[in-house]
Structures are given as structure tokens and as C-alpha cells.
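For this one, chain W is given, so just place chain H on it according to the hints.
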Amino acid sequence: MEITKAAQAGALEARDVLVTVEPNNNRGVQIELKTKSVIKKQFGKQIDRVIREKVAELGVENINIKVEDKGALDYTIIARVYAAIERAV
Amino acid sequence: MKNKRRTMLFVSGNRPKLVQESSVFGADAVVFDLTNGVEDSEKDCARILVKEAIDFLDFSNVEVIVKINSLDSEFGVKDVEIISKVKPSAIMVSKASEDQIKKIDSMLAKLERQEGFEEKAIKLIPTIETAYALEDIQNIISASERINAVFFDAEGLASDIDMERTKGGEEILYARSRVAMVCRVAGINAIDTYFVDANDYEGLEKDSQKAKSLGFTGKAAVDGRQIDTIQTIFVNRQEMRLVI
Numbered sequence: 215m216e217i218t219k220a221a222q223a224g225a226l227e228a229r230d231v232l233v234t235v236e237p238n239n240n241r242g243v244q245i246e247l248k249t250k251s252v253i254k255k256q257f258g259k260q261i262d263r264v265i266r267e268k269v270a271e272l273g274v275e276n277i278n279i280k281v282e283d284k285g286a287l288d289y290t291i292i293a294r295v296y297a298a299i300e301r302a303v
Numbered sequence: 107m108k109n110k111r112r113t114m115l116f117v118s119g120n121r122p123k124l125v126q127e128s129s130v131f132g133a134d135a136v137v138f139d140l141t142n143g144v145e146d147s148e149k150d151c152a153r154i155l156v157k158e159a160i161d162f163l164d165f166s167n168v169e170v171i172v173k174i175n176s177l178d179s180e181f182g183v184k185d186v187e188i189i190s191k192v193k194p195s196a197i198m199v200s201k202a203s204e205d206q207i208k209k210i211d212s213m214l215a216k217l218e219r220q221e222g223f224e225e226k227a228i229k230l231i232p233t234i235e236t237a238y239a240l241e242d243i244q245n246i247i248s249a250s251e252r253i254n255a256v257f258f259d260a261e262g263l264a265s266d267i268d269m270e271r272t273k274g275g276e277e278i279l280y281a282r283s284r285v286a287m288v289c290r291v292a293g294i295n296a297i298d299t300y301f302v303d304a305n306d307y308e309g310l311e312k313d314s315q316k317a318k319s320l321g322f323t324g325k326a327a328v329d330g331r332q333i334d335t336i337q338t339i340f341v342n343r344q345e346m347r348l349v350i
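For the protein sequence lines, the chains are W and H, in the order given.
Remember, our numbering sits 214 above the position in the first sequence when you count from 1.
Remember, our numbering sits 106 above the position in the second sequence when you count from 1.
Keep in mind that a hint or two might mislead.
Stated by the list, open to error - Which chain H residues face chain W? A few, computed with CB under 10 Å, are given here:
| no. | residue |
| --- | --- |
| 1 | N120 |
| 2 | R121 |
| 3 | K123 |
| 4 | V125 |
| 5 | Q126 |
| 6 | E127 |
| 7 | L155 |
| 8 | E158 |
| 9 | A159 |
| 10 | D161 |
| 11 | L163 |
To be verified - In silico lysine-lysine, DSBU-like type, Cα no more than 35 Å apart, as pairs:
| no. | chain 1 | residue 1 | chain 2 | residue 2 |
| --- | --- | --- | --- | --- |
| 12 | H | K316 | W | K280 |
| 13 | H | K226 | H | K208 |
| 14 | H | K226 | H | K123 |
| 15 | H | K123 | W | K254 |
| 16 | H | K123 | W | K250 |
| 17 | H | K193 | H | K123 |
| 18 | W | K219 | W | K255 |
| 19 | W | K268 | W | K219 |
| 20 | H | K123 | W | K280 |
| 21 | H | K123 | H | K184 |
| 22 | W | K268 | W | K248 |
| 23 | W | K268 | H | K316 |
| 24 | W | K268 | H | K191 |
| 25 | H | K184 | W | K248 |
| 26 | H | K184 | W | K268 |
| 27 | W | K284 | H | K226 |
| 28 | H | K312 | W | K268 |
| 29 | H | K193 | W | K259 |
| 30 | H | K191 | H | K209 |
| 31 | W | K259 | H | K273 |
| 32 | H | K312 | H | K273 |
| 33 | W | K219 | H | K226 |
| 34 | H | K193 | W | K219 |
| 35 | W | K268 | W | K255 |
| 36 | H | K193 | H | K209 |
| 37 | W | K259 | H | K123 |
| 38 | H | K123 | W | K284 |
| 39 | H | K184 | W | K280 |
| 40 | H | K191 | H | K208 |
If you're looking for bench data, these hints aren't it; they were derived computationally from the structure.
Where a beta carbon is used, it is the ideal one built from N, C-alpha and C, also for glycine.
With the rest of the complex left out, here is chain W (with noise of 0.2 Å):
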């Protein structure tokens, strides 16, 4: 699959995610992680694996993802991910 355009799912509110994705330059899975640094020293890694998880599942080779994380659970980062990755082809 791949991404044409810049594009965007979820929100700024607890337990969400807002999840802004655009293609680069065969530059490869780019994630830009926005959230507390609390929840980014114990958390920063898992979220990153899930990310990269399904964008391998979607088969997305080349992408730039900026997370803004408000405390979301991994089903709703893998959501607005594939949401948003849905509006960006």
C-alpha cells in the first residue's frame, strides 16, 4: 500500500490519539511521538513497536507518523494508525 497524501485521524482528548501521517521520500517509517515524558520513557517503545507493527501489516514501506498521544491504549493508537493510513491512499 502506499500513501499519496497527508492525512489525519483521532483527537486531542483523553484516551485518544491524534495520529497525522504523510508520505516521504522512500526515507522509510518515520514516527515523531508527542506525549508526557513520563509516558514516554516507560511506554515510548511499545508504542513505537505497535506503529511500526501495523504499518508492516498494512504493508506501508515509506511513511512519516506524528502521534500526539493523550493516554491511549494500544488498540486505539493501532486504530487512528490504520484510519488514518485508509485516508492517506
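Chain H alone, transformed into the frame defined by chain W:
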């Protein structure tokens, strides 16, 4: 889980906080709503979020129902395709019609075979929210063997026929009576409409009692704080046997 359905808590399917907290209020069933409260531009997001939530979270203490968009909209077909994969207990069909129920039944039969689910594992709950549906309710519930309940949405009906809603509910007496009676004859659950003022417990109690006295077996809630009041009114209804 046995389908008690004295209380059905409706939550917006696009609000993760509401979705993941929905099971803590003690409702018999939660309804993840992909229709009301979800803007058209966000219906794809809501559908995906509900699908992932059902797959990930533990809802073993509550029945999970998903209210999908009408097949007449651009969202309904996709709702059925995606949501059926996580096998909710039932799919609630908004703006139900005989034709729509038949189509969804057919879609589910195919999807259940593809996914290896038990035949007719996913039940259907038509929403009666138009004047036509109210009058055609007999044909609607006869349209599929999956139907084991009906949800009466008075707010939808009010919008359909430009009716003024009141807390007393006199304007929906006929509609309530008809839904309850038809469901009773068919041996299926009849779920009464929401009481929209979440801060008026006295009004909720009166409204719930009215619904129960007309033959409803349960009632919708729009707020977790309403569950206890509704449950108390309908608890004795559980002792009556219904074919599920």
C-alpha cells in the same frame, strides 16, 4: 452471556474513553453507536475504533452490540463488513426496514461462513425510528431469524414526523404500545427509548416504569449514571421467559 438486556448503555463509537469505560457501569449490554454523535467525516474512524476495541478489550461481563449506519447511507455496508469480523453479539440496524434487514441477514450469512463463525451467530436488532417502520414492524421482525430484540427510538420517530417530545411521553404512547405488543407476541426483547435528561432521576424512574408497564423488557441509557435506576425497575422482568 445470557441476553438479559434490562439495560442497554449507548456510547459513541468514536470516543475511546467512553468505549473502554462502558463496561464498568453494570449495564447488561453496551451499544457502540456508529450513527448518532459521529459526524459523517469520522464514521470510518469510529468503525475502525470499535472493531479494534472489541478485539482488544475484555467485555466478558457485558453483551456487546454495535449500532451501524443504514445501508441506504454510504457507510452501512462497510460497517457490516468490518464489524462482523469481531463477532459482536448483535448488530443494531438504524432506520430499519424489511428490505434492509433481509440484505444484512444475507451479508452476515456470507461473512459468517468466510470467518468460520457459527451460523446466525450474530443477531440483529432493528431500530424502529420512523413512522413507516412502526407500522411495518411485523414485516421487519419477520424478515430474519436473527432478530431477537427491537429497539424503539422515540427521538428518531419524533424527528421523522416532526413530533414534539416531552418527558411525560404521552405523544409516544401509541408507538410504545405497538412495539411492546408486537415484540411480546413474537417472543423477543422490546427495548425502550432513551430518557435524554441524565440528571433527572425521578423523571427517568417514571419513564422506565411507564415503559415496563406497557410491556417493554428493557430500556436504553445514554449515561452510566442511569443504569441503576433502570435496572431496579426492570429487574422483575427478567423472571419472565422470552425466546432468545
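ask   = Which hint numbers does the structure go against, in order from smallest to largest?
value = 12, 23, 27, 28, 31 and 33
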